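Construct the complete structure from the given sequences, taking the supplied hints into account.
Protein chains: 4
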Amino acid sequence: MTLRAIALNCTLKPGAAESSTELMLTQVLDELRSLDVETGPIVRVADLDIKPGVSSDEGDGDEWPALRRQILDADILVLGTPIWLGQPSSVVKRVLERMDAFLGEEDDRGRMISYDKVAIAAVVGNEDGAHHVSAELFQALNDVGFTIPAGGVTYWVGEAMHGIDYKDKEPTPEVTAATNKTAAANAAHLARLLQGDGYPAT
Amino acid sequence: MTLRAIALNCTLKPGAAESSTELMLTQVLDELRSLDVETGPIVRVADLDIKPGVSSDEGDGDEWPALRRQILDADILVLGTPIWLGQPSSVVKRVLERMDAFLGEEDDRGRMISYDKVAIAAVVGNEDGAHHVSAELFQALNDVGFTIPAGGVTYWVGEAMHGIDYKDKEPTPEVTAATNKTAAANAAHLARLLQGDGYPAT
Amino acid sequence: MTLRAIALNCTLKPGAAESSTELMLTQVLDELRSLDVETGPIVRVADLDIKPGVSSDEGDGDEWPALRRQILDADILVLGTPIWLGQPSSVVKRVLERMDAFLGEEDDRGRMISYDKVAIAAVVGNEDGAHHVSAELFQALNDVGFTIPAGGVTYWVGEAMHGIDYKDKEPTPEVTAATNKTAAANAAHLARLLQGDGYPAT
Amino acid sequence: MTLRAIALNCTLKPGAAESSTELMLTQVLDELRSLDVETGPIVRVADLDIKPGVSSDEGDGDEWPALRRQILDADILVLGTPIWLGQPSSVVKRVLERMDAFLGEEDDRGRMISYDKVAIAAVVGNEDGAHHVSAELFQALNDVGFTIPAGGVTYWVGEAMHGIDYKDKEPTPEVTAATNKTAAANAAHLARLLQGDGYPAT
Chain A
1 MTLRAIALNC TLKPGAAESS TELMLTQVLD ELRSLDVETG PIVRVADLDI
51 KPGVSSDEGD GDEWPALRRQ ILDADILVLG TPIWLGQPSS VVKRVLERMD
101 AFLGEEDDRG RMISYDKVAI AAVVGNEDGA HHVSAELFQA LNDVGFTIPA
151 GGVTYWVGEA MHGIDYKDKE PTPEVTAATN KTAAANAAHL ARLLQGDGYP
201 AT
Chain B
1 MTLRAIALNC TLKPGAAESS TELMLTQVLD ELRSLDVETG PIVRVADLDI
51 KPGVSSDEGD GDEWPALRRQ ILDADILVLG TPIWLGQPSS VVKRVLERMD
101 AFLGEEDDRG RMISYDKVAI AAVVGNEDGA HHVSAELFQA LNDVGFTIPA
151 GGVTYWVGEA MHGIDYKDKE PTPEVTAATN KTAAANAAHL ARLLQGDGYP
201 AT
Chain C
1 MTLRAIALNC TLKPGAAESS TELMLTQVLD ELRSLDVETG PIVRVADLDI
51 KPGVSSDEGD GDEWPALRRQ ILDADILVLG TPIWLGQPSS VVKRVLERMD
101 AFLGEEDDRG RMISYDKVAI AAVVGNEDGA HHVSAELFQA LNDVGFTIPA
151 GGVTYWVGEA MHGIDYKDKE PTPEVTAATN KTAAANAAHL ARLLQGDGYP
201 AT
Chain D
1 MTLRAIALNC TLKPGAAESS TELMLTQVLD ELRSLDVETG PIVRVADLDI
51 KPGVSSDEGD GDEWPALRRQ ILDADILVLG TPIWLGQPSS VVKRVLERMD
101 AFLGEEDDRG RMISYDKVAI AAVVGNEDGA HHVSAELFQA LNDVGFTIPA
151 GGVTYWVGEA MHGIDYKDKE PTPEVTAATN KTAAANAAHL ARLLQGDGYP
201 AT
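Residue numbers (our numbering), protein chains in the order written: chain A, 1 to 202; chain B, 1 to 202; chain C, 1 to 202; chain D, 1 to 202.
Please keep in mind that the hints were generated in silico from the structure rather than gathered at the bench.
All values derive from a computational prediction rather than experimental measurement.
It is possible that some hints are incorrect.
Since the list gives no way to pick out one identical chain from another, each pair is judged satisfied if it fits inside one copy or across any two copies.
[As the list claims (entries may be wrong)] Below, computed lysine-lysine pairings styled on PhoX-like, alpha-carbon distance capped at 25 Å: (1) 13 with 169; (2) 51 with 181; (3) 181 with 167; (4) 51 with 167; (5) 13 with 51; (6) 13 with 167.
Okay, here's the thing in structure tokens:
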């Protein structure tokens with residue numbers, strides 16, 4: 001059976017603006033593809049009109065239902081966010097909020113609709129905040145049914161109060177490249193296990 | 001000299017939809033008015049088009065510049081947010097992100113433009129998350145120049161995994177009413193001190 | 001193959017003092033045993049002299065090396081902590097810090113020594129903080145090699161600023177009992193999968 | 001009237017072991033002294049036997065009562081902590097837990113015993129975590145009665161997944177030196193205001 005991954009870029013910058021988060025997601029998707037995981041284009045969430053709310057469809061003009069469908073069709077979610085003020089972006093928060101509705105949605109075995117899916121985080125900032133951002137992402141993703149593999153985050157941040165961007169680092173720092181690889185390998189491994197033998201209904 | 005407060009309701013619900021956060025903000029503003037602090041109407045942020053970004057004006061259609069002006073014209077910011085998944089709302093995160101620009105903006109004494117302003121938080125959920133939400137709000141607000149008075153948060157949450165709303169609690173729990181009062185009194189006291197004798201330029 | 005679980009009670013109370021965390025851990029271990037997972041006695045960490053530090057042995061009198069051995073011999077770690085000031089206890093923080101050494105320790109396949117182990121959290125407070133505590137635990141546990149199953153936390157907290165203890169709730173709230181069961185079932189399922197087919201070396 | 005500051009070094013290393021946190025605290029105290037704030041020696045908390053618990057005296061051998069007295073005798077608390085796994089140290093968590101007792105202790109005006117005191121944080125790690133650590137410190141300190149001045153944290157962290165220590169940076173990074181100065185100046189200013197005109201009883 002094939003595995004599918006979806007990557008969401010939750011940068012604040014819409015359109016084709018350069019994005020360090022995009023670069024890191026590209027690198028993680030490359031690793032996933034080398035492990036025979038299918039991937040589509042990275043979704044730039046700021047280009048979509050994701051309405052505020054905690055239901056699966058907030059009505060007229062809401063572009064969440066289509067994105068939700070893509071997430072539920074994938075086995076692996078790669079959630080990419082920049083860091084602002086040491087915290088996850090408002091865009092990734094919006095995505096997590098909308099997934100709150102999973103708590104009330106069941107699959108045909110009576111389990112939360114997102115069960116057996118694996119999530120990893122890709123976090124980029126010019127200084128500080130990656131651990132906290134992954135903490136908030138892991139907790140929220142886990143609340144709404146995702147499994148977090150060992151080494152479930154890859155990240156880069158620069159020295160305190162300096163202003164270097166990941167996209168301007170040449171070449172990619174070796175430790176981050178290695179972490180990209182591990183996160184992808186562990187996500188693919190765990191998603192394969194759960195695809196073959198999912199969680200029991202309780 | 002008069003003190004002015006501005007209250008932002010960062011609920012996910014636009015329009016006039018009932019909001020527990022609105023109720024708590026109303027209570028806090030009542031306390032502030034009893035201390036001779038001027039207040040305007042509560043701002044429902046979800047009704048505004050606050051663009052993603054970290055500059056003070058993200059261009060065409062951005063309603064942040066007008067809200068930013070109101071915040072800078074006030075002495076006290078009352079930041080109200082619901083809790084989703086144990087975390088601050090995407091709407092309050094957007095507001096904090098936009099205030100990131102304060103880090104590069106100086107007043108005529110060379111200090112961050114938001115200096116001498118006091119911020120308090122009003123946090124409401126049906127279960128769990130108030131301390132963490134106040135932690136994130138305090139840190140982000142402090143980063144962008146606000147001062148946090150003793151007892152700088154008022155909150156209500158219900159028992160774990162139950163679904164009661166603050167707006168449906170009758171009467172208001174006494175401990176929360178007392179905390180509203182203390183937060184307001186401390187904010188007004190500290191704002192008055194800083195209005196009379198602001199931080200030095202360094 | 002048999003699965004083994006170890007439960008750590010990170011209450012601040014040493015000795016046999018009554019502990020809400022102990023009660024919840026007992027309930028989770030009961031669930032695990034019903035799934036044929038072997039368990040030993042709950043470890044009351046405050047009874048041990050776990051020295052401050054980030055190495056695997058901080059020398060004379062340090063009781064971490066023996067506890068570390070027990071953790072590494074188990075397939076499932078159930079990490080139980082009370083909430084104080086909305087945050088994890090200093091005792092559980094000490095345990096996490098000592099596991100920091102795992103980052104530099106490899107098994108015979110060159111992977112982090114803790115790989116293929118599953119961790120879940122049991123969090124108890126008289127009000128507020130469970131989501132944040134699980135966020136910090138998930139992130140730290142994941143950093144040091146553990147995998148977090150879907151629904152990887154069970155918790156109970158009471159209404160804001162009230163002082164009820166979990167150990168005095170009779171009977172156990174149904175939602176928490178159900179969450180205990182799910183956390184245990186998911187942990188056992190995932191630990192079994194990883195026991196049969198562990199993460200690749202990268 | 002004179003102002004007094006107390007600085008706590010919450011490193012995991014007891015004795016005279018070199019500590020980056022100690023270096024930063026020394027720098028902050030130098031700034032405070034240049035503003036006519038009295039300071040004593042930095043307290044290395046890992047050298048004291050601070051028992052687990054949430055009362056003001058946990059009995060035989062507990063060295064918290066004496067440290068508590070020093071904290072209450074000061075106008076400014078400078079709380080210094082290293083970062084491990086992106087989080088505050090277990091030692092600083094123990095200090096915060098013990099201050100939980102302030103919630104039930106009143107001064108002669110019926111206010112929380114710690115009122116009118118200002119707290120700032122000094123946070124040091126070799127990579128990532130400073131914003132989150134300050135968030136947790138601010139929230140816990142504020143819960144137990146402290147006021148947080150604008151710019152209430154100074155910090156240094158290095159690039160992601162590198163291992164440089166602050167104590168080995170020569171010279172001190174200019175941005176951190178400037179932040180030390182601002183945090184000290186704002187703390188002294190606010191403590192002076194509150195010494196002259198404290199919060200009202202509510």
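Check each numbered hint against the structure and report the violated ones by number, ascending. Violated: hint 2 alone.
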